[in-house]
Amino acid sequence: MAGGESTSSIMARMARAQDDLPGALAKVGDWALAYPFRTATLKIDELAEAAGVSVASVNRYARALGFAGFPDFRAELLRAYDSTFAPVEKLRAAVSRETTHAQIMRESLETAAANVARTLDRLQPGPCEAAVTLILEARRVFVVGLGGSAFTAGLLADALEPHVDMVRESTGFGGSERVIRRLLRVRPGDLVIGLSVPRYSRRTVDFLHLTKERGAKIMALTDSPASPLVPLADVALLAGSDHGILHGSHIGMVALIEGLAAALTRANRDAVGMAADVTEHILPYLHVGETPPPRRR
1 MAGGESTSSI MARMARAQDD LPGALAKVGD WALAYPFRTA TLKIDELAEA
51 AGVSVASVNR YARALGFAGF PDFRAELLRA YDSTFAPVEK LRAAVSRETT
101 HAQIMRESLE TAAANVARTL DRLQPGPCEA AVTLILEARR VFVVGLGGSA
151 FTAGLLADAL EPHVDMVRES TGFGGSERVI RRLLRVRPGD LVIGLSVPRY
201 SRRTVDFLHL TKERGAKIMA LTDSPASPLV PLADVALLAG SDHGILHGSH
251 IGMVALIEGL AAALTRANRD AVGMAADVTE HILPYLHVGE TPPPRRR
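If you count the sequence shown from 1, position 65 lands on 65 in our numbering, and the numbers rise without skipping.
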């Protein structure tokens with residue numbers, strides 16, 4: 001079997017074989033289909049015990065799928081989960097390395113700088129112009145970001161607020177039901193912006209499918225042309241998100257959002273007046289100059 005099969009295709013292969021397998025092998029298949037992630041992490045004897053069969057049956061199951069044996073089957077399943085396991089492997093390598101806390105923090109900051117540089121390299125004039133136009137022409141804007149991307153989605157919604165009539169963030173803090181309830185209000189003329197970096201959220205992909213079917217324009221803020229958000233998007237902007245220890249970095253996405261906010265502010269003809277008005281109203285709440293000493297009584 002060729003390497004690098006996707007998670008969905010190897011699972012489909014396992015499911016297709018299931019009806020034709022004899023008893024013990026079918027028990028292995030039932031367990032592996034129910035717990036594919038755990039199957040990818042177990043040793044052969046551990047999988048045999050979990051499925052209630054012999055080690056020989058596990059090997060025969062792998063051969064029935066076309067593999068030379070269990071090690072090849074497990075390796076292929078691991079490859080299908082590469083993006084999910086990558087943070088674990090990075091952390092394993094970091095823990096085993098002798099270094100100081102200061103060095104780890106320095107490396108993290110260097111990675112952050114590299115992600116901003118990578119974001120800059122990926123910035124293309126066409127998508128940038130299209131992104132600003134989509135936002136300014138939208139009737140309403142819905143921002144979708146789940147998991148770690150919920151925080152950057154909130155930042156984006158705040159950055160968009162001065163430039164659109166209505167912006168609603170759907171970040172999953174109230175659960176999927178709340179997100180779905182909001183997104184079912186999406187209509188043609190609305191713009192939905194989805195944010196997701198590895199590990200990609202399947203629910204974000206599903207929500208973008210839902211809103212695209214309802215006639216909304218879709219914008220993706222993600223990290224790669226291979227991201228599952230990109231095929232759904234009318235325009236995609238890409239940010240660097242690598243990290244040496246953590247599962248990913250949000251610094252590139254934050255920088256991208258700030259750049260988008262700057263472009264929107266520049267494009268807004270009322271920006272200067274709005275800024276002056278806001279400044280005037282918040283001035284009483286700002287610390288300006290030195291604090292006067294307390295009065296003596």
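Treat the hints as calculated values from the structure; they're not laboratory data.
Glycine residues also receive a C-beta, built at the ideal position from the N, C-alpha and C atoms.
Take the hints with a grain of salt, since some may be wrong.
Computed spacing ranges between beta-carbons, pair by pair [to be verified]:
(1) Ala12 with Val278: 28 to 38 Å
(2) Asp206 with Asp20: 23 to 33 Å
(3) Ala68 with Asp20: 13 to 23 Å
(4) Val278 with Gly126: 50 to 60 Å
(5) Pro125 with Ala68: 44 to 54 Å
These are the hints, each one checked on the structure:
| no. | hint | verdict |
| --- | --- | --- |
| 1 | Ala12 with Val278: 28 to 38 Å | 54 Å, violated |
| 2 | Asp206 with Asp20: 23 to 33 Å | 32 Å, holds |
| 3 | Ala68 with Asp20: 13 to 23 Å | 20 Å, holds |
| 4 | Val278 with Gly126: 50 to 60 Å | 32 Å, violated |
| 5 | Pro125 with Ala68: 44 to 54 Å | 50 Å, holds |
Taken one by one, the earlier hints fail for this structure at numbers 1 and 4, listed in ascending order.
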